[in-house]
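Peer 1: Sequence:
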Amino acid sequence: MKKEISIIKQGPNLGVKIWAVAAFITVGTALSAQEMLTREAALGLTLEHNYDIRVAEKNVEAADNSQSLLNSGYLPSVVANGNAGISGYQGQNQTVNGDINFDPTEAYNYNASVGLNYVLFNGFGRRYNYQQLKENYNITELQARQIIENTVLELATSYFELAQLTESVNILRNALDISSTRLKRAEYSFEYGQSTQIDLLNAQVDVNNDSISLLNTTQQLENAQRNLNLIMGRDIETDFAVDTNVTFALPINKEDLIALSYERNVQIEQTNSQLRNSEFALKASQSGWFPALSLNAGYDYAGSQNPAGAFVTGNYNYGPQAGLSLTWNLFDGGTTRVNSQNARIEIERQEILKEQTELSIKRDVLNAYASYQNALFVFNAEKANLKTSQKNFDRSDDLYKQGQITSIEFRQAQLNLRNAQNNYSIAKYNAKFEELKLKQLAGILLDD
400 MKKEISIIKQ GPNLGVKIWA VAAFITVGTA LSAQEMLTRE AALGLTLEHN
450 YDIRVAEKNV EAADNSQSLL NSGYLPSVVA NGNAGISGYQ GQNQTVNGDI
500 NFDPTEAYNY NASVGLNYVL FNGFGRRYNY QQLKENYNIT ELQARQIIEN
550 TVLELATSYF ELAQLTESVN ILRNALDISS TRLKRAEYSF EYGQSTQIDL
600 LNAQVDVNND SISLLNTTQQ LENAQRNLNL IMGRDIETDF AVDTNVTFAL
650 PINKEDLIAL SYERNVQIEQ TNSQLRNSEF ALKASQSGWF PALSLNAGYD
700 YAGSQNPAGA FVTGNYNYGP QAGLSLTWNL FDGGTTRVNS QNARIEIERQ
750 EILKEQTELS IKRDVLNAYA SYQNALFVFN AEKANLKTSQ KNFDRSDDLY
800 KQGQITSIEF RQAQLNLRNA QNNYSIAKYN AKFEELKLKQ LAGILLDD
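Take 400 as the starting number for the sequence shown in this note's numbering and just add one per residue.
Treat each hint with caution, since some may be false.
Said to hold, decoys possible - 25 Å max Cα-Cα, derived PhoX-like pairs, lysine-lysine: (1) LYS682 / LYS533; (2) LYS782 / LYS836; (3) LYS533 / LYS753; (4) LYS800 / LYS786; (5) LYS583 / LYS800.
These are calculated hints, taken from the structure and not from any lab test. Just so you know, these numbers come straight off a predicted model, no measurement behind them.
With these hints in hand, go ahead and build the complete structure from the sequences.
Peer 2: Below you can see the structure in the form of structure tokens.
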């Protein structure tokens, strides 16, 4: 996005030596060739490439792995063992032709086995631990959804800021155009003795001020564009334009919004999930009071070789084996009791947090609803002010050309119009953002 802005300079005779040609940032030409990025397209890019969302998706993926059947404890364990070794040296002393010979003999031991162990019953602990894994996955999904919602709001803030700055640049370009035209008129009037030098100097100052405002706002526009590219996870220097049209759509009354928030607000859903998780933890902790029954099965093979044995030089045995084992920890020092008590306390704590969260969300919905209604009122009021300011400026422009009002009065009408245009633009995007915040609290932000 190129900028060409000239500041009016004064020569020794206070005449205008450099025209205010620059009054036109080439933004207008550049925008016509830029990619038009709608808010829906920006949202699609953000959901696909935003770094925070991608990290959240990895967290969900890990939680999904943790809740699989392979991590549930419902599958048996199979273990294979095997070993072999030399148990020592054994030898015989023999005398041959008067010489004593030592004949060592090696003895070997070896065995192998495959064993299967399966817990048939452990006081339902395995069942509730598995339920906790599933609930942990649900909590991670809700956390990811909260990150997505916050990112969508961040995207909306950045997008609306860029749209508002785009409108501000256009407003300032138009203002600079008007000021440049007024400067030329003041030049001609001064040259022909129809106005004083004060009118010319005022026109020069106004052109310079408008040029500086345009330059600063254009810089803010470029910064906002880079910020939006970062949120969308794409190259920072990608050039594009945004849609400045805004529509309002929230045909839901206050009571329905509160009801929706209790049902779909992500923070309330998280507290409900945490409460269920605490209930599963209590039931899992109580499994220590029950016996555990396990099934054991396997196949064993064992053998040995001892050539120096007196009667048996080797033996081996093999075959399957199976059985049941029952264990019951009659007293574990009070660990199970303490864990159960703490689990009950955690449930009570989560119930308190749930009540607090629901009350806080209700307050936030009511506040957001009031802010949205107020923002809509301000928007409509600024819209009416803009119409009035436009009429006033048009009338002042005609009177100024006829010489019936001073340049200062004309400048004031111009500033009033510019302020009304900016205020209308700001009010429009503020109202839309308040609508999105209200949708997030009601849990319907992502429905769009």
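Peer 1: Would the pair LYS533 and LYS753 pass a check requiring their Cα atoms to be no farther apart than 25 Å?
Peer 2: 20 Å, holds
Peer 1: Given the hinted pair LYS800 and LYS786, is their alpha-carbon gap at most 25 Å?
Peer 2: 21 Å, holds
Peer 1: Tell me if the straight-line CA distance from LYS583 to LYS800 falls inside 25 Å.
Peer 2: Measuring from Cα to Cα gives roughly 13 Å; hence the hint holds.
Peer 1: Would the pair LYS682 and LYS533 pass a check requiring their Cα atoms to be no farther apart than 25 Å?
Peer 2: 15 Å, holds
Peer 1: Straight-line Cα separation of LYS782 and LYS836 no greater than 25 Å?
Peer 2: 23 Å, holds
Violated hints: none; the structure is consistent with every hint.
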